[in-house]
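Q: Each residue of the sequence shown is one higher than the one before, starting from 1 at the first, in the UniProt record's numbering.
Simulated from the structure, these hints should not be mistaken for laboratory data. Remember, it's a predicted structure, so these values are computed and weren't measured experimentally. Cβ atoms here follow ideal geometry from the backbone N, Cα and C, with glycine treated the same way. Hints should not be assumed to be uniformly reliable.
[To be verified] List time: in silico SDA-like cross-link candidates among lysine to any residue, alpha-carbon distance up to 20 Å:
1) Lys4 x Asp18
2) Lys244 x Ala195
3) Lys157 x Asp177
4) Lys36 x Thr222
5) Lys242 x Arg60
6) Lys261 x Asp43
7) Lys40 x Asp77
[Said to hold, decoys possible] Pair by pair, the computed Cβ-Cβ distance ranges are:
8) Glu258 x Ser215: 18 to 24 Å
9) Asp193 x Lys36: 19 to 25 Å
10) Ser215 x Asp17: 41 to 47 Å
11) Phe229 x Gly197: 22 to 28 Å
12) Leu234 x Glu85: 30 to 36 Å
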Amino acid sequence: MSKKNYAGIPDKYARLDDAKVVLIPVPYDGTSTWQKGADKGPDAFLEASENMELFDIETRTEVYKKGVYLAPPVTEDSSPEKMVEAVYKTTKNYLKQEKFVTLFGGEHSISIGSIRAFNETFEDLTVVQIDAHADLRPEYEGSTCNHACAVYEASKKTNLIQVGIRSMDISEMDHMDENQVYWAHDLYEDWMDDAIGQMTPNVFITIDLDAFDPSILPSTGTPEPGGMFWYETLEFLKLMFKKKNVVGFDIVELNPNEKEKSSDFLAAKLYYKMLSYKFKYLNYNEEDEEDE
Numbered sequence: 001m002s003k004k005n006y007a008g009i010p011d012k013y014a015r016l017d018d019a020k021v022v023l024i025p026v027p028y029d030g031t032s033t034w035q036k037g038a039d040k041g042p043d044a045f046l047e048a049s050e051n052m053e054l055f056d057i058e059t060r061t062e063v064y065k066k067g068v069y070l071a072p073p074v075t076e077d078s079s080p081e082k083m084v085e086a087v088y089k090t091t092k093n094y095l096k097q098e099k100f101v102t103l104f105g106g107e108h109s110i111s112i113g114s115i116r117a118f119n120e121t122f123e124d125l126t127v128v129q130i131d132a133h134a135d136l137r138p139e140y141e142g143s144t145c146n147h148a149c150a151v152y153e154a155s156k157k158t159n160l161i162q163v164g165i166r167s168m169d170i171s172e173m174d175h176m177d178e179n180q181v182y183w184a185h186d187l188y189e190d191w192m193d194d195a196i197g198q199m200t201p202n203v204f205i206t207i208d209l210d211a212f213d214p215s216i217l218p219s220t221g222t223p224e225p226g227g228m229f230w231y232e233t234l235e236f237l238k239l240m241f242k243k244k245n246v247v248g249f250d251i252v253e254l255n256p257n258e259k260e261k262s263s264d265f266l267a268a269k270l271y272y273k274m275l276s277y278k279f280k281y282l283n284y285n286e287e288d289e290e291d292e
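Turn these sequences into a full structure, and let the hints steer you where they fit.
A: Right under this line is the structure:
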């Protein structure tokens, strides 16, 4: 990966000392089992970000002015376990500096390390997983750090809420709390307030891009029909940022295709939207009529 500022922002907004946000790229694709290419995701995401308008119309903000430091990528790939440990240590380092830490993968196994670091840093953590797949296997293909195990540890050590799930192995039912699962086929019903009500004050969000319907995001490793759409996803994210202390997030599983750039751009816009919501609603008061 070549070193550039995130989204081509001016240097004064990209320095670590002054930036409120840290973005850690993790170009790892060591355990995916169908379409390879998630290791190219961070570069495609960053290239798309450079071609994105930086004024967010909805929030009327330019959140990049809060400062976004693009960290050196985590490139450890000798084993899934060593990659997870490297992600954990890198994430923990920036959390200790009191930054708002975000990550962009890479495959979903990177989230094992990021969630571990956030769970050690913030008390009573809720992990909200937005994903097509349950990812609850205790181990897969000889490793507990496989992409199919991405939130197994979180299910045991945090308050895990799963949204958009529509593909899983029957064995994963043994590790799932169905009371905190919002299946894709039920998302036409009123569900967002119920999900918010199950969250603790501190929330970490992990988004596998295959949560989106392939009609709007085809470039992912394992696309599944019947996924989520843009505005419903933003509505849910905005609700979380308004009502909870979102302490960080990661986005994973962009598998770029040279002939299909819209997925890269959706990922770029999604990341920027989430930052925009974070700082728009940082001190949100539900009774503030201006923000209602």
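Q: Would you pick out the hints that fail for this structure and give their numbers low to high?
A: 9
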